[in-house]
Amino acid sequence: MDVILPIWVFVPVVAGFGLLFVPAALRPLHKTLALVISLLGCIAALALYRVGSATWEWAIPVEPFALDLLFVTTPLNRFILLFAMGFGLAVVLYSLRTAAADESPGLYYGSILMTLGGSAGILLSNHLLWLLLFWEVVTASFYLLIVSGGKGCRFAATKSFAMIGASDAAFLLGVALVWAQSGTFVMSQLRVETDSGVGIAAFLLLMTAAITKAGALPLHTWLPTCGEDCHASVMAILPAAVDKLLGIYLLVIAATQLFVLRPGPLSLILAVIGAATILAAVMVAMVQHNVKKLLSYHAISQVGYMILGIATLTPVGIAGGVFHMLNHAIYKCCLFLCGGAVEKQTGTAELDELGGLGNRMPWTFLACIIAALSISGIPPLNGFVSKWMVYQGVVAMGRDQTGAGAALWPAWLAAAMFGSALTLASFVKILHALFLSRRPSHLDHVREAPASMLAPMLVLAGLCVLFGVAYMMPLDLFIAPATGLSTAADSGDWLGLWDAPLATAFLLLGLVVAGGLLLVAMRSRTVRSVPTWSCGEVPPNDRMIVPGTHFYKTVSSLQPLRCLYRLQEKGWFDVYAYGGTVGQAISRFLRWMHSGVLNTYLTWVVVGLLVVLYVLCDIW
Amino acid sequence: MTMNEILHNLFVMLVFPGLLFSVACGLLAVWIVRKVTALIHHRIGPPPAQPLYDVLKLLGKETLIPEAGQKVVFVLAPMLGFAGSLVLATLLWRGNLRPGQPFLGDVIGAVYLMAIPSLALILGGSASASPHAAIGTSREIKLVISYELALVLALIVALIKGVGAGATLPLSLGAMAAQTPVWSVSGMLAFLISVLCVQAKLGLVPFDIAEAETEIAGGVLIEYSGPLLALWQLMQAVCLVALPLFVVTVFLGGFGHTAAGMAGGVGKLVLVLVLLILIKNTNPRVRIDQAMKFFWFLCGPVLLAAIALAMIGRARGIGWL
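Order-wise, the sequence lines are chains D and X.
715 is the number of the first residue of the first sequence in the numbering used here; add one for each residue after it.
53 is the number of the first residue of the second sequence in the numbering used here; add one for each residue after it.
Extracted from the complex, chain X is given alone in its bound form:
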């Protein structure tokens, strides 16, 4: 690797579209969520910089570490989650902004990188030696296995639509973004369910089961405070953009490198975000077994039907299926 490449990669990771850009976008998205929620509630809502103030405020607080916990894991977990979400965001942005140049990983890599933030939450919660956190941990991992089935099946619908189109690396994000599966019956079903999966992955209501303030007082995050909690919030902010971006890439045709494509991409991203916010504000929290049944026994069969439709469509050359 030459010096130039090293500098380029450092820039990609630390400035654009990595650390600075992703965090800025993420905090902006957090603000959008809070603002739109406030509008739904007929409130005014916070100023745009409020999420940043919150994080800075937390960074200035003292750090409390549970004495019976596994202290090293307790401190490392938010760091791991934050780092994982940054890699995921960088991968997805690059795949969208320069679809012609395969970089870092493909769509399977992205799906697996998405597991790192949840895994970090689980490890952190489990290391805090709190019964509330242990229950949160158990709920979080059950939520992971619930939505993962639906997410995988939805991804397969997109793969059926896309693979075989003649691209050199058909699994790369650029190749995935080159198609728009949402303009078909199966693709639309897969898109809608994948939005629900993102909802669950982000831990937004109605799937905020692992944190559930009113039952288990924050669950996995109960023992976190100060700078460590700030890191969790940054991770969640980065994911708040990265996960919708994944859906945009796989189902809605991504960004593309023209100016119109960029504007369209931002529009798609905001559309997914608004969908998430609307679901968040119009539903009560479900129990973990309800979530599990919903994803496995409702979304699962629907997606199986979608897969069947997509296969038929592909075999017979019927695009709208």
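Pulled out of the complex, with its shape left as it was, chain D reads as follows:
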């Protein structure tokens, strides 16, 4: 069984790399290969889950480093792997009938396979350098995946590659510092103390890589750019699902395994990032006009909950953060797929041009409303449970810990709970603008998406319900073994209670009673379909539509917020823009130096030589 680990990592990577060069004419080959390999990946993940632990190693001694390829399964990586493979399969299945892969199927399916293999490598590696290598494989395949969308995606691809690539450099530096501090790359042997400058720097560098991948403030700006330009299925697999799994996985193992993290300045930094990410991103999300861009900002905002949960350093908080990572991947993947389905069936993702699709695309609507209510934390769905766990972690942090991070717990709790209300607000806007409201006349002939697109959405929506109503099941199966949370109610880890099955039963009972009442009342008198009341006038249909994009004009025109929104639109909060400015300044300086005058070059050479002599030989 153990040999399956390297096969699982390398077969998708190699197959994906091969697919890049297979001509587009052989489209069925691409689709079949991608489907088969992602299906096998899922089956292997399930099998591995049943087997339990597995290890595999291949010794590569290169003094003074030990570059052994070590693969090992842990309770944490096993379940993340299972879901990463599941998302891969869902998106491949979804893509079979969409236009996402039409232009360059080799690039599209090839990079999806490489992503899957790379993710398996990241999750299974027990060696930091190999982890970094696979991390780069995923970064590179993400670039290719965006590029597969055609010319319109070039800017998004460059921007994401530059930002994630820069954070990967931080990762490399962090790994080097870890090695300098502890003398090993083997992750299971690492316990780096964070009381020295080197230890703290190493943690911060690794954290930078993790939060850039996951998309937290202030390194999130690649995500909305991609959201605007890329195909929905690209967003669904990477930024929405797999990137979150990988980024938060790295953060969790850094916080709980690689480093010894105690309540203090580092957990304060994490909590600040978490709380700021939740609020800032959701405020921006509310005023977006494009479905995919709006969803991208939520993909950022939700990361805040995960980071905040980890920052609490309490069992229930960390477990809540990890559970939220899983839940978020499920519902955000589903939401992007729904957005993609709407875009494919109607030809637009602009909220202004859509509406009233609920009875035209009922199954998409069902999946979308379940996922939307999940992300807004409406009980008894899954988003509520993991947020509730994070809140308990925050309260427990305030109760049990000392220091600035713990003393500020009211701020974290307020940001998280208020952020949740703002999330509901922006999903109300999506539901109104896409599925409810009134249907513009030109959308009267829209049809439901094909079954191969509906199936992944409905399965994911079903998981949202299942993981909310029976939340003890995923906690017992996946989260608790991986995070050390005790699921017994009286263990002291829990501060509150939520009997989800009973609450669901009560809710259903209430629905049945209300339905019964309605049925009796409606049967006794007639039920009529009538035109909407419009003050006696009969305006044309399209003039009666109130688009959802107008909903939050009140918010964006309130004074202090108005300035912030304006600055945000101008790109004041985009690190990438500043990076660009700095980069241009450097290149201008270099251009100025490369004047082509021999004398200048000679001067520089002599100056350089003197510096080298000074440093090396200490001649003075």
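By construction, these hints were calculated from the structure, which means they are not laboratory data.
Mixed in with the good hints, there may be bad ones.
Some, not all, of what chain D presents toward chain X, calculated at C-beta under 8 Å [claimed, not checked]:
#1 D782
#2 G1072
#3 A1128
#4 L1209
#5 A1235
#6 V1241
These figures come from a predicted structure and were not determined experimentally.
Positions of the beta carbon are idealized from the N, C-alpha and C atoms, including for glycine.
On the provided structure of chain D, position chain X as indicated by the hints.
Just chain X now, with coordinates in the frame of chain D:
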């Protein structure tokens, strides 16, 4: 789950303190609101059973469904709102009447369950294909995000006062009801503002912005009639007791299980209700941007100050802060 437990839970949900009890209390509260309002207006006011007659009358009318709307959501929304308000009421009553036995959910669950009635109103309004309802929807959700900040901050004041007292489940409603934060400066501020939040959550004047009969002719409810409207009214009646009960539980020390505690609890509930009625009858409707500014830029900073006071009080052991 044994048969006994199933029967017990069915009783809890359908009779006491669930469906029958909550609806009865709710209709009684509606009557109190109308009666006290009438007294303020120097009118006689309706008889106690009038709210029930109104609902029964509506149940006997025909149902009109807008043809351009999303019919399934249009019909399901009031059902969802009613069911959600019942679960909320059951949770809060049980938490108050048997504080020693944690049941169903905690205070965070209660706050999130409170969102379901507003959400149902929004979905129903949005599904009615009416421009008036769409404007109502937009106002309702903006009202939600306005008062939610104040409500969360007020709740945090109560949490600062309560958590750490050594209870096993400090977030459960029983543990919250065991303390009386209102007898402190910060707790009093939080209590007063949370009453205003409840006012907004119930859509009572001056926060009846989403329905605003004189501007948008009922807003979210414009297309509803007959049995569906009856369900909305039942939902609002149940909420009219459940939301004040939340404030009583969190800030005023809840009911307790002694006879005196019960009587005191009813007194507190009526006190909050009367506060709501007085505010309702002495204020004109505000605009949505005014409401938003009020909750964010006035109540917000006041509550931040209250939180700071409460933190100082806790750190220094000064109870009255």
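Please write out, lowest number first, the hints stated earlier that are contradicted by the structure. 1
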